[in-house]
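Visitor: Take a look at the letters that make up each chain.
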Amino acid sequence: MTDRDQPALSARGLCKEYGRGTALVRAVDGVDLEVAAGESVAIVGPSGCGKSTLLYLLGGLERPTGGTLQLAGKQLEHMPEAGLARLRRRGLGFVFQAFHLVDELTTQENVELPALLAGASPRAARRRAQHLLEQVGLADRAAHLPSALSGGQRQRVAIARALANEPLLVLADEPTGNLDSAATTDVLRLFEQLRADGQTLVVVTHDERIAATADRLVSMRDGAFVGETRLTGGSDRRLSAITGLEV
Amino acid sequence: MPEAAGLANREPLRGYHLRVVQEVLLALLAAEPAHGYQLRARLALALGPLSDALNGGQVYVTLGRLEQAGLIDCTRVGQLDRPDRKVYALTEAGRARVQEWLLDVSWPKPAPAEFHLKLVAAAAGALDDPVAIVERQRHELLGGLREAQRAALAEPAGSTAGLLLEGVVLRLQADLRWLEECARYWEGRRRPAPAER
Chain A
0 MTDRDQPALS ARGLCKEYGR GTALVRAVDG VDLEVAAGES VAIVGPSGCG KSTLLYLLGG
60 LERPTGGTLQ LAGKQLEHMP EAGLARLRRR GLGFVFQAFH LVDELTTQEN VELPALLAGA
120 SPRAARRRAQ HLLEQVGLAD RAAHLPSALS GGQRQRVAIA RALANEPLLV LADEPTGNLD
180 SAATTDVLRL FEQLRADGQT LVVVTHDERI AATADRLVSM RDGAFVGETR LTGGSDRRLS
240 AITGLEV
Chain B
0 MPEAAGLANR EPLRGYHLRV VQEVLLALLA AEPAHGYQLR ARLALALGPL SDALNGGQVY
60 VTLGRLEQAG LIDCTRVGQL DRPDRKVYAL TEAGRARVQE WLLDVSWPKP APAEFHLKLV
120 AAAAGALDDP VAIVERQRHE LLGGLREAQR AALAEPAGST AGLLLEGVVL RLQADLRWLE
180 ECARYWEGRR RPAPAER
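Residue numbers (numbering that gives the first Met the number 0), protein chains in the order written: chain A, 0 to 246; chain B, 0 to 196.
If we strip away everything but chain A, and leave its shape as in the complex, we get (with noise of 0.2 Å):
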């Protein structure tokens, strides 16, 4: 197998419990999900329904208490807890609906931490970083605090530091969740971006507006996944249609 057919992510009958007994909740019950190269997947559904407890589970962030889990290959369900988080490191970028930026550093530290962990020179991360933020448009709030910055000028720079080790795939929970119309509009304009790049990527959401950006969007509903739909671009037709100017 070659590295372009293998699936990037690959999880067969992934379970998640909590609790025993009569207690017992099944928060991911039984999902099956692969991910090619380069395809960007939502994964939607109401409050409670799993959602992001599977997003962790596939982040390596919890560990599943059932099912295999494989990222390029390998496989993680076993992983010692130091491969892992080499591996997060490396692999992986995630955006969090709270940002999760460290507050004591600039815009561009927080860019170029992933790099610097992972090993990285701090000139090529301090470069790297500089190009990330003028990517997400916000190279010049580089000398500024996570503070000083709006809230949708903290997800793009969350996204700029989910980007910094150039991940196999990007995660991200509710990535829009936190902000208003117009600040998430530049954040669907980041991951329409993304897309149309090839980069790898699964987001978790509640925003049908995210969720539109996808190729592919799968429903989840207590804890299973229940529909799959394979999203295209359509006809300029179906859009005058819907506004009401159709002839």
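Rather than coming from a laboratory, the hints here were simulated on the basis of the structure. Cβ atoms here follow ideal geometry from the backbone N, Cα and C, with glycine treated the same way. A couple of the hints might just be wrong.
[Claimed, not checked] Among the chain B residues that face chain A by a calculated CB cut under 7 Å, a handful are:
| no. | residue |
| --- | --- |
| 1 | I132 |
| 2 | E134 |
| 3 | R135 |
| 4 | H138 |
| 5 | G142 |
| 6 | A147 |
| 7 | Q148 |
| 8 | L152 |
| 9 | Q172 |
| 10 | L175 |
Mind docking chain B on chain A? Use the hints.
Guide: Quick look at chain B alone, frame taken from chain A:
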């Protein structure tokens, strides 16, 4: 733009669309008389990427109807090397219609009663699974949202057409949220209620 020659193949103008074009053309003429092509250009600017939906020929067909209805007057202006050009001006009756339109608060495509009744009827007659109907509709609207969003993101900041696209996006979002409620309701009817989580 589709060719005006295609007009003959199209269905006659109807419903909401006809009304919009009529009233908008009247309102555009309220400031000053104009040629058909000027009206077309103004519509195209306001609609941006959606202007393809407006066949250029429709503007002229509609102007003809408005003239017949006595809402506008048409004057022919001779040109040296070309056929006469028509200049349209609003009549008093037309001006009154524009006033009515500005004050009219009716809102096109209100509550999606038809879709709701489709689900009810499908379930009652066991014609189709309501949840499957909802899923098909969701797919359609998500495709539309993706398209509207891309078009909106492609508009420069402050564009008039961008404002329209933003409206399209917000409406689709609201519809998709309602479909989510529909799915939940009809799923609940399909199977025994899940244990409280």
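Visitor: Could you run down the list of hints and mark each one as holding or not?
Guide: Each hint tested on the structure:
no.	hint	verdict
1	I132	violated (13 Å)
2	E134	holds (6 Å)
3	R135	violated (10 Å)
4	H138	holds (5 Å)
5	G142	holds (4 Å)
6	A147	holds (6 Å)
7	Q148	holds (6 Å)
8	L152	holds (5 Å)
9	Q172	holds (5 Å)
10	L175	holds (5 Å)
When each numbered hint is compared with the structure, violations occur for hints 1, 3.
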